[in-house]
Amino acid sequence: MTMINNESSPENSPIDFPSAMARIGNDESFLYELLELYKMDFGAKIEGLQKAIDLKDFVSIQELGHSLKGASANLSLPFLQKAALNMECAGREKNLDKARGALATLGQEFRSLEEFLAMKG
Amino acid sequence: MIRVLIAEDDKLCRTILEKNLRKWDYEIISTEDGKEAWKVIQENNIQIAILDWIMPKMDGVELCQRIRGKKWDQYIYLIMLTVRNKQSDIRKGFAAGVDDYITKPFDTHELKARLQTGKRIIGLQNQLLDSQKKLQEIATHDTLTNLLNRYEILNILTDEFHRSLRENKPVSTVMLDIDFFKKINDSYGHDVGDEVLVEVASRLKGSLRRYDKVGRYGGDEFLAILPGCDLNNAKRIAERLRRIVCKDRIKTDAGQLFVTVSVGCVSSESQSHKSIEYLVKFSDKAMYHAKNMGRNCVIAS
Chain A
3 MTMINNESSP ENSPIDFPSA MARIGNDESF LYELLELYKM DFGAKIEGLQ KAIDLKDFVS
63 IQELGHSLKG ASANLSLPFL QKAALNMECA GREKNLDKAR GALATLGQEF RSLEEFLAMK
123 G
Chain B
250 MIRVLIAEDD KLCRTILEKN LRKWDYEIIS TEDGKEAWKV IQENNIQIAI LDWIMPKMDG
310 VELCQRIRGK KWDQYIYLIM LTVRNKQSDI RKGFAAGVDD YITKPFDTHE LKARLQTGKR
370 IIGLQNQLLD SQKKLQEIAT HDTLTNLLNR YEILNILTDE FHRSLRENKP VSTVMLDIDF
430 FKKINDSYGH DVGDEVLVEV ASRLKGSLRR YDKVGRYGGD EFLAILPGCD LNNAKRIAER
490 LRRIVCKDRI KTDAGQLFVT VSVGCVSSES QSHKSIEYLV KFSDKAMYHA KNMGRNCVIA
550 S
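Protein chains in written order, with our numbering: chain A, 3 to 123; chain B, 250 to 550.
It should be emphasised that the hints constitute simulated quantities derived from the structure, not laboratory data. Being a predicted model, the structure only gives us computed values, none of them experimental. Ideal Cβ placement from N, Cα and C applies to all residues, glycine included.
Mimicking DSBU-like on lysine-lysine, the simulated pairs with C-alpha atoms at most 35 Å apart in a straight line are:
| no. | chain 1 | residue 1 | chain 2 | residue 2 |
| --- | --- | --- | --- | --- |
| 1 | B | K288 | A | K47 |
| 2 | A | K41 | B | K361 |
| 3 | B | K268 | A | K41 |
Chain B stretches covered by chain A per the calculated footprint, using a threshold of three residues with CB under 8 Å from any CB of chain A:
| no. | stretch |
| --- | --- |
| 4 | 268-280 |
| 5 | 349-357 |
Could you build the full structure based on these sequences and the hints that come with them?
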């Protein structure tokens, strides 16, 4: 039986810890506080995006994507940041399929982040 | 402590900024949109502002333009926080009046360094304002007595006189001259003479109403301006000034000296005193009349 290493390699990690820590002054408890804030805000934004996609409101799709992108970047969440960028572009390009794809990716990446944080304990 | 405005709609970014700035000993006011930020800037003494480019109600560029379009008591250093890093966007930001900008997600050390630059600029500006204030003081005040100098007291008299005409109210002038001042200088020296001038000036200044003005008109002459004051009240105030000068001896290096003033006063109520030149001339004449009447008295013209 082969032992599977459950730890994400640094390049696959949903969060770039060293970068995030440096940005917020190397205060780990504050980082976790911010991640909680991010998680709360994420839920509201995803709901907003679903509604915007249903209504074909491309302005809101772009704005919410932009906002998520910024928040993800601040906490060094590279995959969420990329998905949010795709959402922002989808809004700008008025591309509904792209927006739906980006929404699905955002959901997956968010779950990865939650699992990762749960493992770190 | 430098007061910094943070205008950022993203709660996460705003929280990170607030924590870092507090750690670096800045006083912070935070807002979530450009309109609120504009209100805060007008109502508070903001020295540095960190503005997000894209914000609800008013974006960062419009906010910069409004800030630069208004005159402020002191310069506000503007740092734009943005994801926009194209050359055209950078140029747009600087054209709007931004002093510096930092791209998101920002590096803390870079932000700290850029804020330090802002602090230096603010410091230089404060030094300049202080120097200007000191120069202004020197230009308008007598260096010995710290009263208004002749030039400035006459400027003020011009303003008060025209105001009195507009408002149809009188303005009075009181001219005071220290009695036997030449004798004080000759007997005790100019240093003692200066001590007497300083003390007389202080007593006069301390005895006037809040809105009256007094200046050193000549070597040992003082001119007081009493807005809204008719002749009866002018005589009363003049008498108060005379008594305050001679009431207590003046302490000098030559001992305690008894000093008096001769006082002349005039009001613009009278038709013949309806000009600045006449007010000065007749209060001066009245003062000389007081000298002839034995000194240490008040004569009203």
